[in-house]
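*Asks:* Read off the chains here:
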Amino acid sequence: MSVIVVSPSLVEQGDHADGRGYPLNHARIGWQTITRDAILTVSSETAGFPGAALSNPMTYERWRPASVPAWAAWDAGAPVEIDYIGIASHTLGSSGATFAIEYSDDNATWTTLETVQPADDRAIMMLFPPVTARYWVIRIYDAVPSVGVVYIGRVLEMQRGLYGGHSPGTLSRQTDIMPNRSEGGQFLGRSIIREGYATSYDWDNLTAAWYRQWFDPFVESARKYPFFIAWYPLKFPSEVLYAWCNDDIRPRNQGVRDLMSVGFSVEAIA
Amino acid sequence: MNEETVGRELQTVVEVEQDFCQHRYGVAPCAAAIGVTGPRKCFNTLATCQDPENYSPQPLVLRFCKPGERLPDVYCIPSVDSVSTAPTEINPGGGSQNSGPLGKRASIRVSFNDHPHSDNLVDPYVAERPYKPVERGTFWSKWLARNPYYNNRVLRVREGYVGQALEDMVTRTYLIDKIDGPDSRGRVQITAKDVLKLADNDRAQAPRPSAGELMVDYSEEEAISALRVTRALATEYPAPGTVRINDELMTYTGVVTVSDTEIQLTGITRATDGSSPDSHEAGDRVQICLRYTNVRVDNLAYEWLTQYGEVPAAWIDQAAWAAESSLWLQQFDLTGLITEPTGVTDLLSEITEQCLFFIWWDERAQKIRLEAIKPPIFQTVPKLNDNANIIADSAQVSQDPKGRVSQVWVYWGQRDPTEDLEKEANYRKLRVRADLEAEGDQQYGEQRIRKIYSRWLHSDAQAINVTARLLSRYRNNPRYITISVDAKDRELWTGDVVDILHRGVVDDTGAPLDTRYQILSAEETTPGHEVEYRLEVFEYSINYRIGLWMEADAPTYDAATDEEKFTGAWWADADGKVGGDPGFNWT
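In the order they appear, the protein sequences are chains A and B.
In terms of our numbering, the first sequence opens at residue 272 and continues consecutively.
In terms of our numbering, the second sequence opens at residue 456 and continues consecutively.
Just chain A, with the same shape it has in the complex:
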């Protein structure tokens, strides 16, 4: 699946004062989410696949409803501004399910943000103009899938684009390949141990103020939690990772005015 840009007006809008308005050729990082602390209810669940799985970032824990139509709803306790939704470790595509994102202020009247029929089981990021609402719901139709991770929050728009040399994450497979050759020199077989994806990201010329206000909270979160990242939503919307860092992220002063550089490596599932 891919980044879904719900509104084309997202491209180059705003004055960047609130951290928004950067073009969609800049990376988007989805790390904030209400789903860890909001009150979650689900329409139904099956043994071993509880709704509670949607409240933690583990990819191996999944919610699977007993039947469709099904829903998972979050009550944030107060209106929150949301501009992205991330979904990972799911079978929405392979199961043939369709899902809709809706929001409400009163838990009674719902507005549909978007309805989507995923083509595959890769990570999904939906980007849309900010919406403020207390109640959020995913409704599922057509087939019973399993869903492991849902993030609902405010996306981090990177101040600068990625420059040359970046290896797109979904193209950076991490595998161990083992061939077998016989005593007589014949090809006997080949095995692959899949280890996911691995890549790194580097940015230069980030302003010190932007880094401290918008990027450092992500760094703090990344010490504990995975995040969604789309490296070039405008041109390669299908290249989204649900990734995690295995090391601390440390910026560097460039020594030019107050500009900073930062980079980090990730492992991921796509």
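There's no promise every hint is true.
Claimed, not checked - Below, in silico cross-link-like pairs of lysine to aspartate or glutamate (DMTMM-like), each with a Cα-Cα straight-line distance of 25 Å or less:
1. B:857 - B:946
2. B:521 - A:447
3. B:521 - A:538
4. B:943 - A:447
5. B:597 - B:635
6. B:884 - B:871
7. B:829 - B:805
8. B:587 - A:308
9. B:521 - A:518
10. A:495 - B:590
11. B:822 - B:638
12. B:822 - B:779
13. B:587 - A:346
14. A:495 - B:472
15. B:496 - A:316
16. B:496 - A:308
17. B:521 - A:391
18. B:521 - B:472
19. A:495 - B:638
20. B:822 - B:765
21. B:587 - A:491
22. B:597 - A:308
23. A:495 - B:805
24. B:884 - B:788
25. B:521 - B:635
26. A:495 - B:524
27. B:587 - A:447
These are computed hints drawn from the structure, not numbers from a lab.
Starting from the known structure of chain A, fit chain B onto it as the hints suggest.
*Replies:* Just chain B now, with coordinates in the frame of chain A:
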């Protein structure tokens, strides 16, 4: 995706069965209540149970896989770091000096990386807890606190490929022996062993030790009509039976309960079974003995494993044991007396060596197998060769001169069952069979003597059979080959027979020689990718043909199929031949 798929993606799933109460906290019959029986709800395990009388465990299967592996429809924690195995190694006839007659037991070690956990699945009341489980403790630290009684619970390793259903994967089963960790780096290691560990000498003894003691003194000459025994129940001494007191054996015909502190064994006959009368003192142990009369070996092994080793009967295919035994071990109906608690492994080792069969845990089929040492039988077996099967640089050919035998000495007819088993003077009979040609200067030029001390054999025919079969199998140096094959050939497993064509094993012209081997051990060195086999040449050095008695409507030799010619037998012509082929030996 399967073994034949090029670019198959490996998938390993480790399953641990934990005991998990089927009741709900505080719901009848569970009488637990917060504030009354405990400060919080249990975790449906015995260690946290607040109403043990109603604790009713069922197996809860926890699944683990390696990071990066995908099982979208299974709750599978990706925390497995590595899986390493030491395979079962069978030792037919006790030929190898590197292991006992029962061979080597399989074991497995699974290493995990510990991690925070939501308690989903393992805590049925997780939604009601006043804390966030994922922020409290780690998976294994919590699991071990709630499940201290994990010994002998089932651990399975399933090895397959992405997209395969769990039940289609190759599955091996073990019993958990110990769990180490988590250490300071969050490493946890589970060690599990094969099911035959239940028969280990330190776990299983036959007969079980008796609690009874003599109430009074008895002199050497005293005639005893009723033996007075205390500290025991009558049910511990089923009648009729045999007991051992010090070095004297006595039989009894009945048992009566006299009082809460006394039972009496009646119909006593002193100094039976070759033992000598002795004087005894109050407090001397009265040990029940196990007596077997004409019991076939498979039934004996089955009884020891299931009754004294407490091996679940489901893990033994008794019908298959009986079929193999009725064909090849029919002669081995055994008679003997076990006069003191003896390790089941020791007992099994005795009869497997003396009766020419072997047993092992087939971790894939989840069965304890039994197979006789026998001549090659007519069967179509898989073929492996250098081109299509054997992985480059993996073949090693070796011999074990220590495993060769030129003489077999069987001591039988035990005089006194209370004496040391390996004391030669304690046997009335000795049957010796020697292959003098093999010992001659032109062949091996030395004697290699194998001595067997048997309390079980009770006829000369049995002793002759043992000596003949052992010499036939081990007249020459046992020859081995170790090879690795791709996973496409991993269907072969321990005990299977296979023909191998390898350039290192040739005839006298140098041409590769098609040689039949038996797999002694099989190990998935890289699970799902590569398997290593250790095999022994499957030969039987006899100079006559063996056949089975045929049905009345059997065809003539000329009209018989190849299989019938291999398995059947025909009377020979006056020249000793059948249809021009060598004749059969009547024995």
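*Asks:* With reference to the structure, classify each hint as holding or not holding.
*Replies:* Structure-based check of each hint:
{"no.": "1", "hint": "B:857 - B:946", "verdict": "violated (31 Å)"}
{"no.": "2", "hint": "B:521 - A:447", "verdict": "holds (13 Å)"}
{"no.": "3", "hint": "B:521 - A:538", "verdict": "holds (14 Å)"}
{"no.": "4", "hint": "B:943 - A:447", "verdict": "holds (19 Å)"}
{"no.": "5", "hint": "B:597 - B:635", "verdict": "holds (14 Å)"}
{"no.": "6", "hint": "B:884 - B:871", "verdict": "holds (13 Å)"}
{"no.": "7", "hint": "B:829 - B:805", "verdict": "holds (18 Å)"}
{"no.": "8", "hint": "B:587 - A:308", "verdict": "holds (10 Å)"}
{"no.": "9", "hint": "B:521 - A:518", "verdict": "holds (21 Å)"}
{"no.": "10", "hint": "A:495 - B:590", "verdict": "holds (11 Å)"}
{"no.": "11", "hint": "B:822 - B:638", "verdict": "violated (35 Å)"}
{"no.": "12", "hint": "B:822 - B:779", "verdict": "holds (15 Å)"}
{"no.": "13", "hint": "B:587 - A:346", "verdict": "holds (18 Å)"}
{"no.": "14", "hint": "A:495 - B:472", "verdict": "violated (30 Å)"}
{"no.": "15", "hint": "B:496 - A:316", "verdict": "holds (22 Å)"}
{"no.": "16", "hint": "B:496 - A:308", "verdict": "holds (23 Å)"}
{"no.": "17", "hint": "B:521 - A:391", "verdict": "holds (23 Å)"}
{"no.": "18", "hint": "B:521 - B:472", "verdict": "holds (18 Å)"}
{"no.": "19", "hint": "A:495 - B:638", "verdict": "holds (21 Å)"}
{"no.": "20", "hint": "B:822 - B:765", "verdict": "holds (14 Å)"}
{"no.": "21", "hint": "B:587 - A:491", "verdict": "holds (20 Å)"}
{"no.": "22", "hint": "B:597 - A:308", "verdict": "holds (23 Å)"}
{"no.": "23", "hint": "A:495 - B:805", "verdict": "violated (59 Å)"}
{"no.": "24", "hint": "B:884 - B:788", "verdict": "holds (18 Å)"}
{"no.": "25", "hint": "B:521 - B:635", "verdict": "holds (19 Å)"}
{"no.": "26", "hint": "A:495 - B:524", "verdict": "holds (22 Å)"}
{"no.": "27", "hint": "B:587 - A:447", "verdict": "violated (37 Å)"}
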